[in-house]
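Enquirer: Next come the chains, spelled out residue by residue.
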Amino acid sequence: MVAATEARDTATTELARQGRTLLPALPALVFLFLAFVLPVWVLFLRSFTEPATGLGNYQSLVTDSVYLDVLVNTFFVATAVTISTLLLAFPIAWFLVIVPSRVARMVFAVILLSMWTNLLVRTYAWLVLLQDTGAINQFLMYLGLTSAPVPLVNNMVGVIIGMTYIMLPFIVLPIHATMSTLDPALMQAASIAGAKARTIFFRILLPLTLPGISAGCIMVFVMSLGYYITPALLGGVRDMMIAQLVAELIQKFLNWGLGSAAAFILLFITLAIYFAYVRLVGLVRPT
Amino acid sequence: MNSSTGSGGTLDAGVPQGSQPARSMAANLLSIRNLSKHYGDFRAVDNVSLDVRRGELMTFLGPSGSGKTTTLNMVAGFDTPTAGEILIDNQDISRVIPSRRNIGMVFQRYTLFPHMTVAENVGFPLMVRRVAKPQIAERVTRVLKLIRLESFGDRRPSQLSGGQQQRVALARALIYEPRLLLMDEPLGALDKRLREEIQLEIRRIHHQLDVTIIYVTHDQEEALRLSDRIAVFDNGRIAQIGAARELYDQPANAFVGAFLGNSNFLTGKIATANGGRYQVTLKDGSSIEAPARLALAPEQPVSVMFRPEKAILQSVSETSGFTNRVVGRITENVFLGDSATYEVRTASGELVTVKQPFGPSETKTRTMDEEIAVSWPHDCVHIFPIDR
Ligand SMILES: Nc1ncnc2c1ncn2[C@@H]1O[C@H](COP(=O)(O)OP(=O)(O)OP(=O)(O)O)[C@@H](O)[C@H]1O
Ligand SMILES: [Mg+2]
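Protein sequence lines correspond, in order, to chains A and B. Taking my numbering, the leading residue of the first sequence gets 129, the next gets one more, and so forth. Taking my numbering, the leading residue of the second sequence gets -6, the next gets one more, and so forth.
Calculated from the structure, these hints are not laboratory results. Just so it is clear, the structure is predicted and the values come from calculations on it, not from any experiment. The beta-carbon is built from N, C-alpha and C at its ideal position, and this holds for glycine as well. Treat the hints loosely; a few may be bogus.
[Said to hold, decoys possible] So the derived list for chain B, only partly shown, Cβ under 10 Å to chain A, looks like this: (1) Ile86; (2) Ile90; (3) Pro91; (4) Arg93; (5) Val99; (6) Gln101; (7) Arg102; (8) Met109; (9) Arg122; (10) Leu344.
The whole structure should be built from the sequences, with the hints applied where relevant.
Expert: Below, the structure written as C-alpha cells:
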C-alpha cells in the first residue's frame, strides 16, 4: 500500500518534469489540496501559534506528566497489540498454508467478513463478551477458575483484547502471503539434513517469513498508535491513548493548538517509524 | 578428471572408521520389503521389494507417475508406508523421523536456503549437528572443492546457475557422509549438455566416496549412463531389476522391452514347441522361431519382440539371411549419418523398424516403397504371453 503511494509519487514527479499530462489530474489535485494539504497545514500552524507563538504546546505535551502518560500508554498498547497479534497470526498463517485450499478459502472468507462488519458493532460485541456478567466471565466462573468476575473491560486488558482482534487480519495476510511462497521442499531438505522441528522453525521458516512479519508488524503498530474507537469504548478513563487525547482537547476543551500539536506528534512518530522501516527492510524486498 | 581430491575413500579421510557393528557389513545397505502406499483406492506404490547393495548406484527408472518419488519419499521419511518395511542395515526405520535417518537427499526442485550463502548452506547439516565452527569451515572447503565450486562459498543461491545450485545441493547432502544418498531427478530442470556434465561428476564422486546412491530418473539414457543396476518401475510395481545390459538383452516383460531402448513388437501365437524352440505363427501368416525361455502352451497368443539393430534388410529374392523373416514395404527411411533407420510395413499392417549401421561393408541405402525382407536371428527374439 505504502509502496504503491511511493511509486505513484515518483511517477508524478517524472511526469511533472516532462511538463505535460498533469492536466487531467488537476481536479483531483485541487481537491486533495483543499481537503487535505490545506487543513493539515492550517492545523500545523495553529499548533505553533495557539494560544501563544512558539513551541509551548509541544513542550507541555512532552513534559506534563498527564500528557506523557498518554504517550506512554499509546506506545504500550501499540506494542502489546503488535506482539499479541504476531503471536496469534504466525500459527494462523501457518495453518492456512498447510490446510487444503478449500478450508483456507473458508477461513479467509470468515476473516474478510469480520473485517467488513462495522467496527462499532464488533467493538460493542466485545464489550458484551468482556463485561462482568459477560460470557467470558461466566464461563471462567463456571469452570471455577475464579469466584468473582475478572475485570476485562474498561481497562488496558479490554483495549488490548479488542484491538488484537481488530488488527489480526492486517498481520495474518502479509505473513500468509510470504509463507505461501515458500517451497515446502525447503523444510524437507532441512529435515533430511538433520534439523529438528525447532531448528527448522528458527533457522528456515522464521527468517524466510521475516519480510511478511515486519510488514505486518509495522502495519499493526502504526495503525494501533492512532486508534480511537476501540480504546474509547473498551478502555478506562486512565487508559487514554493519543487519538482520544486529541479528540478530548479539541471537542471538549476547544484547545486547537494543543490538540493539533498532539496530532502532529503522532504523525511525526508514525513517519519516523515508517522511514526507519524503509531504511531497515527497504521498499522493494529482495527475492 | 580425478585431480581435485587425492586421498580417495571418504570425505573424512583422517578419521578411523573401524568400530562398526558387524551387522552393518551386510552386503545390502537398504532392503525394501513388500512396500505399498495407497491413496484411497489408488496404489501409488504396490508391493515393492528390492535390495540396494552397499556402495551401489541404483536408479529408479520409470515413466511419470510410476511411483518412484513416492518410494523415495518413504525411504527418506517424508511419507509413511501403507504397508511393508524399509530396512537400513537390517534395522526397520519406518518409525525414525527424517532428521535421524542419516540419509542425504538432492531434490528435483532447487532447495538451497535462499537466505544463506553457499558455504552456510553446505555447512547447515554440520551446524545442526553442533560441529565446531573451524571444523565446519574446513569440511565445507573440502566438499566445495569436490564439486569444483571452491570459490563460490560467499555467494547466495540466487547468484548461481541451476547446475551450480544442484551441485551445491549435492555438496550439502554429502558433507555429513550419509549412509545413503537419494537423488530425485536432480538434473531434470537442466539442459542436456549440462546434465551430461554433471552426470559424469556424479559418477566420479560416487567412485571417489564409495557412497550408496539411489537415483530417480525417467530418462533411460541417464539411467544407462549412471547406474550399476536399474529398477524399472511401472504403475507402482517393479517391472524388473538388473544391470543395464541384462535389462536390455533379457527384458522380463514387454514393458521393460519397450521402455528401455527401441524395440519391435509383432503379435502371433505359439504353433509348436520342439528342441527348446517355439514355432510362432505371426499375424501375416509367416512362421518364425524363438528360444523357449518360458513354458507356453500351443495356441497361446504372444507378443514377439526384437531390437531394430538385430535385424537386417534383404531383397525379397535373397534367401541367405537369418532364420526369421517377414516381408513388407519400406514406409520410412531416415538417414542418421552413422546409420539409417527404416520402417517396414508388413502384410498384416504391423510396423517393423530396422536400424542399419553403415559399417565398412554396408553402404547400400534403400528407397521408399521398395518391397523388402526383414530378417533376424531366432536367439534375439523375446516372446511375452498376451492375456487371452
Ligand atoms: N498425495 C497424493 N495423493 C494422491 N495421489 C498421489 C499423491 N502423491 C502422489 N500421488 C500419485 O501417485 C502416483 C505416483 O507418483 P510419484 O510422484 O511417485 O510418481 P513418479 O514416478 O515420481 O513420477 P515423476 O517421474 O512424474 O516424478 C502418481 O499417479 C500420483 O498422482
Ligand atoms: Mg517424481
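Enquirer: Decide, hint by hint, whether the structure agrees.
Expert: Structure-based check of all given hints:
1. Ile86: At about 13 Å, which exceeds the 10 Å cut-off, the nearest Cβ of chain A leaves the hint on Ile86(B) violated.
2. Ile90: holds, 8 Å
3. Pro91: Pro91(B) check passes; min Cβ-Cβ to chain A is 5 Å, inside 10 Å.
4. Arg93: At 8 Å from the nearest chain A Cβ, Arg93(B) passes the 10 Å test, so the hint holds.
5. Val99: holds, 9 Å
6. Gln101: holds, 8 Å
7. Arg102: holds, 5 Å
8. Met109: holds, 9 Å
9. Arg122: holds, 6 Å
10. Leu344: violated, 43 Å
The structure is inconsistent with the numbered hints 1, 10, although it conforms to all the rest.
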